[in-house]
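Taken in sequence, the protein lines are chains A and B.
In short: position in the first sequence from 1, add 129, done, that's the working numbering.
In short: position in the second sequence from 1, add 29, done, that's the working numbering.
Everything labelled a hint here was simulated from the structure, so no lab data went into it.
Cut-off 25 Å, straight-line C-alpha distance, at most; resulting in silico cross-link-like pairs (DSS-like, lysine-lysine): (1) A:K200 x B:K86; (2) A:K186 x A:K166; (3) A:K151 x A:K241; (4) A:K151 x A:K197; (5) A:K186 x A:K200; (6) A:K151 x A:K187; (7) A:K200 x A:K166; (8) B:K38 x A:K166; (9) A:K171 x B:K38.
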Amino acid sequence: GENVEQHPSTLSVQEGDSAVIKCTYSDSASNYFPWYKQELGKRPQLIIDIRSNVGEKKDQRIAVTLNKTAKHFSLHITETQPEDSAVYFCAASSSGNTGKLIFGQGTTLQVKP
Amino acid sequence: DSGVTQTPKHLITATGQRVTLRCSPRSGDLSVYWYQQSLDQGLQFLIQYYNGEERAKGNILERFSAQQFPDLHSELNLSSLELGDSALYFCASSVALAGGPGNEQFFGPGTRLTVL
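One chain only, chain B, in its complex shape (with noise of 0.2 Å):
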């Protein structure tokens, strides 16, 4: 066990439907990473915020949004869901926001979106 939690774990919906992904990071870990793993893909970074704020960008859709909260756990939105968006979707923490001791990134147990 990591001590990164995800909620909920399996999601079902349908095309066009808007979801929420919950995380909360490590306890003492300020930095948040989202990632999105499709079948038999690597890990996509999506987009990391630290301490609230967002720090980096990676391909993420313009359909899909996040943000930190005061108590730093982290949401990740998608709507007009496609078809494509089906994936794992994984959140990880670290204690640092970048380079040196404390950026080690810890993964959550992840969430299956499944769009019929």
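Chain A extracted, bound-state conformation (with noise of 0.2 Å):
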């Protein structure tokens, strides 16, 4: 079935150090791929996408690669902040004529002053 595997589950790192969240996805059919960033008690917000006919997307400090063949994704933060620190979610689009997100599991981030 569809599914999603999100590694790490934690990282902690250091102030200015940078943070890489890796993703591998099983649907072959998946053609979107977007970050959400959730802060405690806070809604899943969008922070960057990629789309399957791009291999990296850059956006200041945050940049997305895409391997299609080996089905896999990553987000990296350069920099990292302390207000990085949050919950990130990485999701494939299921394939059909849907929106449906299948989503990986989270990574908790925590940056250390």
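Work from the hints to combine the two standalone chains into their complex.
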């Protein structure tokens, strides 16, 4: 069935360091891969996304890379700041004519000042 | 603020009861999605509506149902509630039905359901 595996489940870095979160998806028909940031008790916020016709996308300190052959994609955060501390979720679109997203289990990122 | 609104913010009820959660999508969005987030769990897709029609179903229990009204707001009905139904329920909306530009999903603030 459809599945998205996300690693690591927790990640602790020093302020200023880089953080990388990796996801693997199972459905080869997936073509849309968003990343969401969720602070405690808040809604998930879309921070960046990538479509299958692109290998990399960057927005200031965050970037996402996609390897369709290997069916994995990664989130890279550079120059981390304490306010980057949150839970990050990756997701992959489901096949078929729907907007259904399959989410990974989340990564809790802690940035230590 | 994503522009997606959900009411109520919190709901406390007893086992066996029935509740209705409400969602209003962003202006112009035709798709509405419902997700369940249990404690320490990821986001589980429940159901998608597009312009009033059901378009996709996830692992939604038979005790749960939803609908999207002509004004595009949506309601999620949960009945015969059990302790395990306690969770955060999020609604999201997008312009498009499926892939391509416009399918970005924006989440509402959620409804926290506690079943005692």
